[in-house]
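Enquirer: Count along the sequence shown from 1, add 256, and you get the number used in the numbering used here.
Among the hints, a few may not be true.
Label-pair restraints from in silico Cβ distances [claimed, not checked]:
1) P541 <-> S300: 28 to 38 Å
2) V771 <-> A634: 40 to 50 Å
3) A572 <-> L348: 30 to 40 Å
4) G552 <-> K283: 46 to 56 Å
5) S562 <-> V357: 16 to 26 Å
Taking lysine-lysine and the DSSO-like style, the derived pairs with C-alpha atoms no more than 27 Å apart in a straight line are [as the list claims (entries may be wrong)]:
6) K657 <-> K351
7) K380 <-> K720
8) K479 <-> K351
9) K328 <-> K380
10) K595 <-> K657
11) K657 <-> K575
12) K379 <-> K351
13) K595 <-> K550
14) K380 <-> K364
I should point out that these hints are in silico values taken from the structure, not numbers from a laboratory. All residues carry an ideal CB built from backbone N, CA and C; glycine is no exception.
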Amino acid sequence: MYLIQVSSIDKCRTIDVYLVINTNMRKAFIAIAAFLVSATLMISLAWHPFFWAFIFIGPIVLLGIYDLYQPKHSIVRNYPVIGRLRYLAEDLRPKVYQYFVESDTNGKPFSRLNRSLIYQRAKKENDTIPFGTQLDVYENGYEWLSHSIAAISHHELDEDPRVLVGGPECAQPYSASIFNISAMSFGSLSQNAILALNGGAFIGNFAHNTGEGGISDYHAAPKGDLIWQIGTGYFGCRNPVDGTFDPEAFSIRAKGEQIKMIEIKLSQGAKPGHGGILPAKKVTPEIARIRLVKEGFDVISPPAHSAFSTPLELVAFAKKLRELSGGKPVGFKLCIGRKSEFFAICKAMVETGTYVDFITVDGGEGGTGASPQEFSNAVGMPLREGLAFVYDVLTGFDLKKHIKIISSGKVSSGFDLVKNIALGADLCNSARGMMFALGCIQALECNSNTCPTGVATQDPSLMKGLVVDDKKVRVFNYHRLTVASAVELLGAAGLRHTYQLTRAYINRRISTNTVQSYMETFPYIPEGSLLATPYPLRFELGMALSTAASFAPTDYRVTSIDYAHANSFSDNLHQSN
């Protein structure tokens, strides 16, 4: 039926038609229900076995009567019983779309090409593709690596490149793989998922970030290397009375042989600036023991730390953690928000002469089990811009020589490793890539406790589907083959070491006939150029607004010229007086 609305009279007629249909549907249900019940009774009187038909007819009629009078769902109220098909369709839509509508390249957040590559490597199946690329190489955003005529065979290169993390104050530096497991807590993931991830890390000799939920038995049992993440809830090193940081509890756990690095979580890309709450019903005896909280009570993770409130205090806190852990590498994780805050942290490190050992840069495209939509979609700087910014600021303060950078945010392939290292990272972390290696099918049910593969759920019946002994080998395979792919790309570029990669090696199409290298898009600044004036133009505003004494911006009065310089990718603008 087509309804053409050209006047207010026609609009009224349209409404009348819909009202008639709705009224007729309600009346039709009553008539059909009455007929079915009457007919069944009459037939049953003549042939008694037909009474069994009420097993099917009765529930449908009762459901329809309920639908007629329930107040919450308009569709169901107007279309009894059949209106419920809408909810079935909504439930099936993502599954139908993924398997029958989605192309190999347009799936979100990870395309089928990305997912298939991970599955193939995890299972050690053929990961080559036939007949050429399916990507549109003339589409804006297409990226590629500049190869060399003097390419080097990957057989001549180190198949397991590693990076030593630890600055001048670190007594126990850690030799890290260039590809590791990003932060995911027990509770967000199932115990079997944690066991398999850490088991794979143990086999492959790479690191596994615990997430802010603390060190569980399932992190510890396989004996894989751990990066202990300390969030605002201080789980595992928490005073159970007031939720503040407990130095003694931290020291006991941090000195464990399995703990290789400590990461202070300032923010994460999926929901930067957002705290959280663990409902009392989820605070089981096991969770209470792991996180050092009270069983059966709500547990709040504030949006900000209570152990420090200024850049200087943050640097002092990092130094304290290093001392309490026996000299292990200590760093922090953040998604860049207000740029002046990162300038302030760097100023604090320069002023005190105390440095963190590493900084994990998370991108706004990072994932999590559950995040408010506005935070996930519209808060936090994407990884590419954030990573380049952090590298450049550290270089400008002459701090990069002391601090390693870890990139985190939608990293899943060898090319992802190469382009992030080219931008400024020393190594990379992956969360969702590792989940795919475990068997995740991107069902998008992480926040509902109904994950069909047993990865992101606490339902024991679903967990059983994830067999640890099989999946830990898949995690190991995925890691090994992805690193091998990155090494092959390195050789194709004519390079022998990851530290030789620069922004000049990665190209990006920005319009139909314009291509820029990362070096053109994100030009480098000279070492030490932020230690004395004149500063590079695009960093002047950040320097003016920042102070080591506070995360809040200074009272500097920002002008339109400041904004023009700060938002430019070039330092060659004319500087006005």
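Enquirer: If a hint holds in the structure, say so; if it does not, say that too.
Expert: The hints, checked one at a time:
| no. | hint | in the structure |
| --- | --- | --- |
| 1 | P541 <-> S300: 28 to 38 Å | violated (55 Å) |
| 2 | V771 <-> A634: 40 to 50 Å | violated (29 Å) |
| 3 | A572 <-> L348: 30 to 40 Å | violated (54 Å) |
| 4 | G552 <-> K283: 46 to 56 Å | holds (52 Å) |
| 5 | S562 <-> V357: 16 to 26 Å | violated (48 Å) |
| 6 | K657 <-> K351 | violated (48 Å) |
| 7 | K380 <-> K720 | holds (23 Å) |
| 8 | K479 <-> K351 | violated (37 Å) |
| 9 | K328 <-> K380 | violated (51 Å) |
| 10 | K595 <-> K657 | holds (21 Å) |
| 11 | K657 <-> K575 | holds (18 Å) |
| 12 | K379 <-> K351 | holds (23 Å) |
| 13 | K595 <-> K550 | violated (37 Å) |
| 14 | K380 <-> K364 | holds (25 Å) |
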